[in-house]
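Trainee: Sequence:
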Amino acid sequence: MQQGEGEENAVEDKGVPLTKETITKCLSRLERTGDGSAYAYVKLDASKSDLNDIAILSEYTHIRYATLSSNKLENLSSLSSMKFLLSLDCNRNSLSDLNLPSFSYLQLLDLSFNKLIDLSNCNFPMLKTLNLNTNNTKLSTIPVLPNLESLSIRDNNLENFEGLGSFPKLRKLYAAKNRLKVVELPELPALETLHVRENQLESLSFLSKICNLVNLNVRANQIPALTDLDHLASCKRLEKLSAKENPFAEEDDFRIVSLLKCDTLTRINKEDVNESERAEARQMADEQVEE
1 MQQGEGEENA
11 VEDKGVPLTK
21 ETITKCLSRL
31 ERTGDGSAYA
41 YVKLDASKSD
51 LNDIAILSEY
61 THIRYATLSS
71 NKLENLSSLS
81 SMKFLLSLDC
91 NRNSLSDLNL
101 PSFSYLQLLD
111 LSFNKLIDLS
121 NCNFPMLKTL
131 NLNTNNTKLS
141 TIPVLPNLES
151 LSIRDNNLEN
161 FEGLGSFPKL
171 RKLYAAKNRL
181 KVVELPELPA
191 LETLHVRENQ
201 LESLSFLSKI
211 CNLVNLNVRA
221 NQIPALTDLD
231 HLASCKRLEK
241 LSAKENPFAE
251 EDDFRIVSLL
261 KCDTLTRINK
271 EDVNESERAE
281 ARQMADEQVE
291 E
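Start counting the sequence shown at 1; every next residue gets the next number (the numbering used here).
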């Protein structure tokens, strides 16, 4: 390859700016503006466009749904004029600082696969769904999100859940592939789904604080003995349990003991519970009473 060609490719690898010419292909969904005075395009999809500069978006104040995933963006400050933004997808960029102001109406935010560490300067009072998978974000840096219902924070090197109390309405927590050895949870009465697979957990004792759980995934941890299933008794609504690749899940009686401790289960390790298993669990319970 000649030197000139290499230099040209290096420039191309840095990305391109979003321009008036290219943005026309990215806009759709003509609707009345937030103040009701006119009509404007409210949906933007500029994903996979090799973008490194979106300064032009400061002129598009009526966008409500913005998709900017799979680009080369390092700064989102140009979005600050989008006062009516409801949904923002910026996954797979190069963001290390969010540079975002308060979005009063934002409900869905996807920042997965970036380089984010600290979100403390953000303010999203109506946010319901937040995806931070594959960053290096600590929960304690996320601001109070009073309406958050779903948080994905997989693969963030988390060692604890400090800061989780800032989300009182949390219903779904996805925290697989971290470095959790224990799960110390605040009171989360709305939590129904907890995924903590591929961590370093050795106990299910944390279940006593999440009694409304419906779906639990603790696959690929280090939980040792069937006696740990005693903690399932706290979960009066649990329907799905995934626990493969733990020492206790290799025991012959794992499914039956799980049912003995929690008779609301309908699926264990992605297999439906059958009537013969329920009968065996009832028989085991009767035998324990007789003893």
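Don't read these hints as lab results, they were simulated from the structure.
Don't take each hint at face value.
[Stated by the list, open to error] DSS-like mimics (lysine-lysine), calculated; alpha carbons at most 30 angstroms apart, straight line: (1) Lys115 with Lys83; (2) Lys138 with Lys172; (3) Lys83 with Lys72; (4) Lys169 with Lys209; (5) Lys83 with Lys138; (6) Lys209 with Lys177; (7) Lys169 with Lys236; (8) Lys244 with Lys181; (9) Lys48 with Lys138; (10) Lys169 with Lys115; (11) Lys14 with Lys48; (12) Lys138 with Lys181; (13) Lys240 with Lys261; (14) Lys169 with Lys138; (15) Lys83 with Lys128; (16) Lys236 with Lys128; (17) Lys25 with Lys14; (18) Lys181 with Lys270; (19) Lys244 with Lys43; (20) Lys25 with Lys169; (21) Lys43 with Lys14; (22) Lys240 with Lys172; (23) Lys261 with Lys236; (24) Lys25 with Lys72.
Given the structure is predicted, the values throughout are model-derived calculations rather than measurements.
Trainee: Taking the earlier hints as the rules, which of them does this structure contradict?
Mentor: 19 and 20
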